[in-house]
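2 protein chains.
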Amino acid sequence: MYVSHLECSKCGLHLEPHKIAQLCPTCGAPLLVRYDLAKVKASFSKDALARRKHNLWRYRELLPFQDETSIISLGEVMTPLIPLEKLARSLGATGLYLKDEGLNPGGTFKSRGAAMGVTCAAELGVKAIAMPTNGNAGAAWSIYCAKAGIDAYIVMPVEAPSITRSECAIAGAKLYLVNGLISDAGKIIARAVSKNKWTDASTLKEPYRIEGKKTMGLEIAEQLGWEVPDVILYPTGGGVGIIGIYKALLELREIGWIGDKMPRLVAVQSEGCAPIVKAWEEKQAASEFWPDSSTIAFGINVPKALGDFLVLDAVKQTGGCTIAVSDEEVLHDQAELARTEGLFICPEGAATLSAYKRLLNSGWIKSGEKTVLLNTGSGLKYPNTVRVDVPVLEPSEDIPG
Amino acid sequence: MYVSHLECSKCGLHLEPHKIAQLCPTCGAPLLVRYDLAKVKASFSKDALARRKHNLWRYRELLPFQDETSIISLGEVMTPLIPLEKLARSLGATGLYLKDEGLNPGGTFKSRGAAMGVTCAAELGVKAIAMPTNGNAGAAWSIYCAKAGIDAYIVMPVEAPSITRSECAIAGAKLYLVNGLISDAGKIIARAVSKNKWTDASTLKEPYRIEGKKTMGLEIAEQLGWEVPDVILYPTGGGVGIIGIYKALLELREIGWIGDKMPRLVAVQSEGCAPIVKAWEEKQAASEFWPDSSTIAFGINVPKALGDFLVLDAVKQTGGCTIAVSDEEVLHDQAELARTEGLFICPEGAATLSAYKRLLNSGWIKSGEKTVLLNTGSGLKYPNTVRVDVPVLEPSEDIPG
Chain W
-19 MYVSHLECSK CGLHLEPHKI AQLCPTCGAP LLVRYDLAKV KASFSKDALA
31 RRKHNLWRYR ELLPFQDETS IISLGEVMTP LIPLEKLARS LGATGLYLKD
81 EGLNPGGTFK SRGAAMGVTC AAELGVKAIA MPTNGNAGAA WSIYCAKAGI
131 DAYIVMPVEA PSITRSECAI AGAKLYLVNG LISDAGKIIA RAVSKNKWTD
181 ASTLKEPYRI EGKKTMGLEI AEQLGWEVPD VILYPTGGGV GIIGIYKALL
231 ELREIGWIGD KMPRLVAVQS EGCAPIVKAW EEKQAASEFW PDSSTIAFGI
281 NVPKALGDFL VLDAVKQTGG CTIAVSDEEV LHDQAELART EGLFICPEGA
331 ATLSAYKRLL NSGWIKSGEK TVLLNTGSGL KYPNTVRVDV PVLEPSEDIP
381 G
Chain R
-19 MYVSHLECSK CGLHLEPHKI AQLCPTCGAP LLVRYDLAKV KASFSKDALA
31 RRKHNLWRYR ELLPFQDETS IISLGEVMTP LIPLEKLARS LGATGLYLKD
81 EGLNPGGTFK SRGAAMGVTC AAELGVKAIA MPTNGNAGAA WSIYCAKAGI
131 DAYIVMPVEA PSITRSECAI AGAKLYLVNG LISDAGKIIA RAVSKNKWTD
181 ASTLKEPYRI EGKKTMGLEI AEQLGWEVPD VILYPTGGGV GIIGIYKALL
231 ELREIGWIGD KMPRLVAVQS EGCAPIVKAW EEKQAASEFW PDSSTIAFGI
281 NVPKALGDFL VLDAVKQTGG CTIAVSDEEV LHDQAELART EGLFICPEGA
331 ATLSAYKRLL NSGWIKSGEK TVLLNTGSGL KYPNTVRVDV PVLEPSEDIP
381 G
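From first to last, the protein sequence lines stand for chains W and R. Going by the working numbering, the first sequence opens with residue -19, and the numbers climb by one from there. Going by the working numbering, the second sequence opens with residue -19, and the numbers climb by one from there.
Treat the hints as calculated values from the structure; they're not laboratory data. Each hint should be verified, as a subset may be incorrect.
Note that the list lumps identical chains together, so a pair holds whenever it fits in one copy or between two copies.
In silico EDC-like links for lysine to aspartate or glutamate, alpha-carbon gap of 20 angstroms or less [to be verified]:
(1) K19 / E374
(2) K167 / E377
(3) K263 / E(-4)
(4) K66 / E48
(5) K154 / D378
(6) K337 / E316
(7) K33 / E48
(8) K(-1) / D131
(9) K66 / E103
With the rest of the complex left out, here is chain W (with noise of 0.2 angstroms):
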């Protein structure tokens, strides 16, 4: 309703909005939703929010659909930003929050760039939408494809998450695997949509995603009463959603509902697929592919993101950091999470928790400084990440002791 025009992030072109598009035509880089921020700013008040359903769509002034009744929902919730009371005091530290995105239809924060993403598609007139994926963003967009009556053309790694190719199949997507990783998938989406008349809805390859994503964003934001925390860590893989929470709170900035702080952005990845954490420390503008990449937190195995050049950006610009993490504590973290907080969260989120210690170990985090640890998915999606040693007892015995 507000939308403006479509922007390249790279060479600053302008398109038309409200069409169906991919990546820049002039220079082949991710194209972003621009709006009318001063027209936002005037019409848009925290009152008329307060009165709003609990879900993404509560932000509709700051987002690319058109009407609300091409909305394609599938029950969305505002996810809790729960404190972690317990483990904080255990590390020495106050102020320590998770946003748990396990509460999204699907279990993880994908649903919400799918919704946003398959609803303008839908307005747009599109039939059919091909993406490779690690498996939830797959999911993800097969099950609201199928509330949209559009196909979905889904390839992803073997390696994959066994429920995601459940989800899949069961949504009615045409779903492949592929021997190889999710580069491996993605070239075979390219050829793919090049042949048929499909959209590409591979990461940042078309704008509407990360206008979902956005909303983990607007969302902190709203639920820490506008005012931002002191970091935000982020498992990194594609991005999209370090992006996207840089990109609401610019937008929140500019019309005025926070104020200039900005939180310090943190990409998190893993010792196994570091790509975006070597190219900070080499002060480069852009990653390089990382070969042979391998982690237990599958969803942030991707070796070379298109938007990598966009997560440094946002990390320089907050003030942020990188890191990477071991999965030996992923697992060890996953795990004292689930002991002290009864949260059972995936290894992507549970690797935020082995950033959050190291930095807090090193001094770059103070023990009171206000965290929001980013979970992206439920742990009910990762059965194997879980050691289950358990005693078979018969009827008639006892529990020992």
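Given chain W, put chain R in place with the hints provided.
Chain R in isolation, oriented as in the chain W frame:
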């Protein structure tokens, strides 16, 4: 805050509130929490409610905990009530909704009972609870107990969904499997609690779990603007949810928030385990143990429910009915719902769609009647219900066609 006493559901005995309580000391039946509803009516308003956070704690005047600081929360949300317009249309009907309990922490409705049960247990100084489970309740109590610092002893059948083992284990519960059914697990727990100083958190053996489940009924009424639906279909194992929903509606009627009309409550079971349906058809007030029970909808594989007489009474008093459906129907309807509405729900939830179709065909439900399907959990917890037959590509291969 407004609790007046505990009351035996069978003999009517009154007991002091705010005590650790199990079954009625006189007759062994479940105890129910009673409120001073006149006082609630005088001091609780829909306006006050509208300004509160969107989770089950918002109904605190009708809940049994004493102090808000006691709340053990894992970030609960108000779960969505989703209109199933496409699916209803394909059946020649309108007014069909699904209450999606898959968006609770842990992915099932069990978290409502656990949130309330553990909050009250913690408030009353309980140090250890023990319970038999078909998986999801044990998982839910494990995560809430972890947050509360209460020991949880859990016994579940070896056949229970394996993800629920992981949840119990990672949350630090003391977990055991049994070569048998939940009824066998129940006997092991009964022996263990009599030996140790543990609180028995078995279904209906403590009075607070049902108060958590009750909030499903409160939410449905609120989400429909305090106009109750015509029919609610509920997948019935232990039956706490349907008993809780009925209790919620009676309390709402008493405080004048809804009118005299009650929705017809339908207890949906599986043909492989239908003790309550059998009792209903034979006009019995209670059920008999169902031998050799078996169903893919594992959560409702309960051969004899302690609260069977309360379920049968709720069905009778509301002019409802009972119905058993087959595993074939359940699997078909689970897939149909995913394909048409994008909702990947658990088989127990899908059983309510199978029941809806049968009752629509028989004319027991009219095509325009407002009907709520209660989906108790996410399909993510039941990966084995989906058959996936997916082609594997080499990186150099193309999507066929």
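My question is about K(-1) and D131: at a cut-off of 20 angstroms on alpha-carbon distance, are they close within one copy, between copies, both, or neither? within (19 angstroms within a copy, 56 angstroms between copies)
Is the C-alpha distance from K154 to D378 at most 20 angstroms within one copy, between copies, in both cases, or in neither? between (49 angstroms within a copy, 13 angstroms between copies)
Homo-oligomer pair classification [E374, K19; C-alpha up to 20 angstroms]: Neither, since 69 angstroms and 50 angstroms both go past 20 angstroms.
Within, between, both or neither, where K33 and E48 count as close if Cα-Cα is 20 angstroms or less: within (13 angstroms within a copy, 24 angstroms between copies)
With identical chains, the pair K66 and E103 could be close in the same copy or across copies; at 20 angstroms between alpha carbons, which is it: within, between, both, or neither? between (46 angstroms within a copy, 17 angstroms between copies)
Is the C-alpha distance from K337 to E316 at most 20 angstroms within one copy, between copies, in both cases, or in neither? within (12 angstroms within a copy, 45 angstroms between copies)
How do K66 and E48 come out at 20 angstroms by Cα distance, when the copy is not named: within, between, both, or neither? between (41 angstroms within a copy, 18 angstroms between copies)
When Cα atoms must be at most 20 angstroms apart, do K167 and E377 count as within-copy, between-copy, both, or neither? Result: close only across copies, 10 angstroms inter versus 57 angstroms intra.
20 angstroms Cα threshold - placement of E(-4) relative to K263: neither (35 angstroms within a copy, 68 angstroms between copies)
Comparing the model with each numbered hint stated earlier shows that hints 1, 3 do not hold.
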